[in-house]
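Those sequence lines, one after another, are chains C and D.
Per our numbering, the very first residue in the first sequence carries number 281; after that it's consecutive.
Per our numbering, the very first residue in the second sequence carries number 10; after that it's consecutive.
One or more of the hints may lead you astray.
Distance condition first, Cα-Cα at most 27 Å in a straight line; then the derived BS3-like pairs of lysine-lysine [said to hold, decoys possible]:
#1 K20(D) x K450(C)
#2 K349(C) x K104(D)
#3 K20(D) x K205(D)
A partial selection of chain C residues facing chain D, derived with a Cβ cut-off under 8 Å [what the hints assert, rightly or not]:
#4 K450
#5 E453
#6 N457
Please keep in mind that the hints were generated in silico from the structure rather than gathered at the bench.
Even glycine gets a Cβ: it sits at the ideal position worked out from N, Cα and C.
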Amino acid sequence: MLGSSENDMMNDFRWIMDVVQNVDVGLVLLDRNYDIQLWNSFMQNHSALSAEDVIGKNLFDNFTEIDQKWFLRKVESIYLLKNSAFTTWEQRPYLFRFDNYRPITGKAEFMYQNSTFIPIQNLNGEISSICLIIYDVTEQAVNNIELGEANNKLEVISQTDGLTGLLNRKTWEDHLNNEFERQQRYNEDCTLVIFDIDHFKKVNDNYGHPAGDEVIRKTADVTRQCIRKTDIAGRYGGEEYVILLPHTHVDSAKILAERIRKKIESLIVCYEDFSINYTVSLGLSGFDKSLASPTAWIDSADQALYQSKEGGRNQFHIFDHSAK
Amino acid sequence: MTNSIALSEDKRDCLQEISNVAMGQAGDHLARLLDSFVVLSIPHVAILTPTEIAMAVQTVDEHNVSGVCQGFIGGGIAGEAMLLFNDTSFIDLAKLMNFEEELNESAERELLIDATNILVGALLRGIAEQLDIEFSFGPPAILGQHQELDKLLASDNVRWEHALVIEVNYKIEGYDVQCDLLMVITESSLTRLYGKLDYLLD
């Protein structure tokens, strides 16, 4: 029969083991050779390996998902400094590859984990083993990832025009201001194109606003097809469009302007029973040192557009900076 | 500032001495782990306001500076260690930490976290030992990823007015690795901390 103090000790040991077994975090004890000494219920249930399966076995032999070199580097500093070490899901999504705790409704395919490595001292005060604590942080990780994605989407939405998918006016003007700033330093070729749909009011009056919207959308599609990746197109107003062409002399921009004009001229927009044929007028203005501000640059292109309108529409004009 | 949190001359000297001893030990451990000589500055101890701390860490938002913070708590004393890497080359940091894999963004984050854990752990362990307490550490979090520190400290929802700050500068000889460690101890911990210091001073 045990003495009462031994009995107490056995009782203490029992409840400590109960807690260790049942706590809902993973607990793993590793000796100096990285052989597993403790494998609690959390680890057993998520790995489908019982304590008998893994105790006394080497960690790296049984869990090949663990990068041995990385793990050793991490743990060796613990032996030397006697402090804890950490890894979070943002550095490594997991230490042990487990399935999501919510296999039916969970969004992640595996369990995201944070892990803490703590040194365990023996009676002589030397570190004899390392305890790994594995936390399931799937919920937090998924929320964080989704939040990041939502923010990216919002950023795109806040920059684009809903109807056409081109940049909205504010964002396009930001690009224009940046380009104007850059031109102050580098003074390279750069051309601004502004154009609008001829007699757009008639389209709306004759075919209705939904048809007008379709024309605006199709015009944006044509613009997208004609420009290069580095060109920046935006919807400036109702039926007004702008394109910034960096590293492009106004003579080359002419080719683009003519291409857009021709494509629109030959385009037939079908909306319900209507077939709509329309044209655009364009104005071009290459960057010139005499331009005092981004607004002045737009104004100059706008004046060229006005000439196109005056000249009978369905054409482009280039603003002549030397004629000022 | 109320009298109960004011830092007397004796207590400041005592904390400075404790930090000095802890840094000596930390330097020794780090030298063995990293196999290089660690140059440590004289620790600076002061009571600061959130804005003053924000000013101290403002450099984080500039280029080439990375910041990591790590919470600690124990014996009624709580705070955060903030480590600011100035003029630190990731290539050198990787060399120092024996990190041989490719240096992509997540590897850089891991390096920062590991380095923080080692540098903070080494110092705080020494301080805790002398105060006869043990600290628990939370996982280090990289600043600027999800939060900008100076904004956090400058915002209206800061619930404290003063904190005790111990500032130490680390430089690793032969490497482009240099960092500032701020150990920020909360106002509500100060009564306990001062109690510990009184005990040592008597």
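Hints and how they fare:
For the hint pairing K20(D) with K450(C), the CA-to-CA distance comes to about 57 Å; that exceeds 27 Å, so the pair is violated. Restraint check: the Cα-Cα separation between K349(C) and K104(D) comes to about 15 Å, which is no more than 27 Å; the hinted pair holds. Note on K20(D) and K205(D): the hinted pairing holds, with a Cα-Cα distance of about 10 Å set against a maximum of 27 Å. Restraint check, K450(C) versus chain D: the minimum CB separation of about 24 Å is more than 8 Å; hint violated.
For the restraint placing E453(C) at the interface with chain D, the shortest Cβ-Cβ distance is roughly 26 Å, beyond the 8 Å limit, so the hint is violated. The interface hint given for N457(C) is violated, since its Cβ lies 23 Å from the closest Cβ of chain D, which is over the 8 Å cut-off.
Of the hints listed earlier, those the structure fails to meet are numbers 1, 4, 5, 6, in rising order.
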